[in-house]
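Undergrad: If you want the building blocks of each chain, they are given just below.
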Amino acid sequence: MPNARLIEVADAVTDRIEATLDDPASTTVSREYTLDIKAASVTGRLVYVLPGGVENQGPANRATDYDHYKIGVVVVERYTGTGPAPKEWLDARLLWVESQIWNRLQDVRQGLLLGCLWPQLSNWLVYDYDLLREKKLFWSELEITYREDE
Amino acid sequence: MASLGILAKAYRNTASYGTPTWVEIDKIADLAVNPSWDEAEGGSRDSRVKKIAKTMLGIEITGRIKVDTADAGYIALRDAMYTDIAIDLLILNGASDGNGNHGWRADWHVFEGGEDQAMGNRLYMDFVLRVADTANDPKYAEVSGGAPTFTDPGATS
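Chains as they are written, first to last, in numbering that gives the first Met the number 0: chain A, 0 to 149; chain B, 0 to 156.
Please note that the accuracy of each hint is not assured.
[To be verified] Computed beta-carbon distance windows for the label pairs:
no.: 1; chain 1: A; residue 1: S25; chain 2: B; residue 2: L122; range: 39 to 49 angstroms
no.: 2; chain 1: A; residue 1: D21; chain 2: B; residue 2: L122; range: 53 to 63 angstroms
no.: 3; chain 1: B; residue 1: N98; chain 2: A; residue 2: Q56; range: 32 to 42 angstroms
[Claimed, not checked] A short, non-exhaustive set of chain B residues, derived as facing chain A with CB atoms under 7 angstroms:
no.: 4; residue: I5
no.: 5; residue: V22
no.: 6; residue: A28
no.: 7; residue: R47
no.: 8; residue: K49
Hints in this document: simulated from the structure, not taken from any laboratory.
Bear in mind that the values here come from a model prediction, so they are computed numbers and not experimental data.
We treat Cβ as the ideally placed atom computed from N, Cα and C, and that holds for glycine.
Throw the hints in and build the complete structure from the sequences for me.
TA: Right, here's the structure in full:
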């Protein structure tokens, strides 16, 4: 039942983010399937975790296969000041995503997820240029592929 | 039914030799069974054809098992690697209740237990089994009537 496992993995990623945030009061974390975000209504920092997909990579041994679970993470925050978002504001957001999300999800040294999944592949769209320019919205997308053979 | 490596079985005896309880070691990834007879020349003047006698049978098994410190099968192989313990294993090319499946039963020593700890690796132990010098002679195993039956290698009918 790979989809049930995918949901478990997404929930575990959500829990890990929530449990390790340095500033939990200023961030809302939730697991979602779709994102319908109106830029004007974005308040505070929002983190979304999305189940992305499942891939079977063939047998690992006689008992189990290698399975991949792709999890997407989107971080959204609106710049509410006048004029375009200043460089310093963006620098702080990039460093926040790196320290609070990227480093804690894609680094196997942070511990196995659910005791048996490790990050195999990771990529990060650091920010969306168009949304930033047109909507003053900081939008950062990460995709982590977890692998297991249990 | 197709004979596939992934459906082959390695069983570990967790009870006595005479009344075995076979428990599958399912964390094995790859395994190769390599029986090989030694040869001795048997030619004479009665024929110009070279004749060869089979003498001693060597049985070596090479395999690879997932490192899992919660798995009793892995622990048994690992412990047998660094001690003199011989483990009673039944190595079959299918399930122990599948008529016609065959393989070997013996007390085995684990002679090698390599582990490639490259940074990108999931850890596996590469092992080599050879027949141990114990009171239990190794047997050829064949499943008949839904259970393994054992005969001495080299026996003639």
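Undergrad: Next step is simple, just say for each hint if it's right about the structure.
TA: Hints, verified against the model:
1. S25(A) to L122(B): 39 to 49 angstroms: Holds: the Cβ-Cβ distance is about 40 angstroms, inside 39 to 49 angstroms.
2. D21(A) to L122(B): 53 to 63 angstroms: 33 angstroms, violated
3. N98(B) to Q56(A): 32 to 42 angstroms: 34 angstroms, holds
4. I5: For I5(B), the interface hint holds, since the closest Cβ of chain A sits about 5 angstroms away, which is under 7 angstroms.
5. V22: Violated, about 13 angstroms.
6. A28: Check passed: Cβ of A28(B) comes within 4 angstroms of chain A, closer than 7 angstroms.
7. R47: 50 angstroms, violated
8. K49: 42 angstroms, violated
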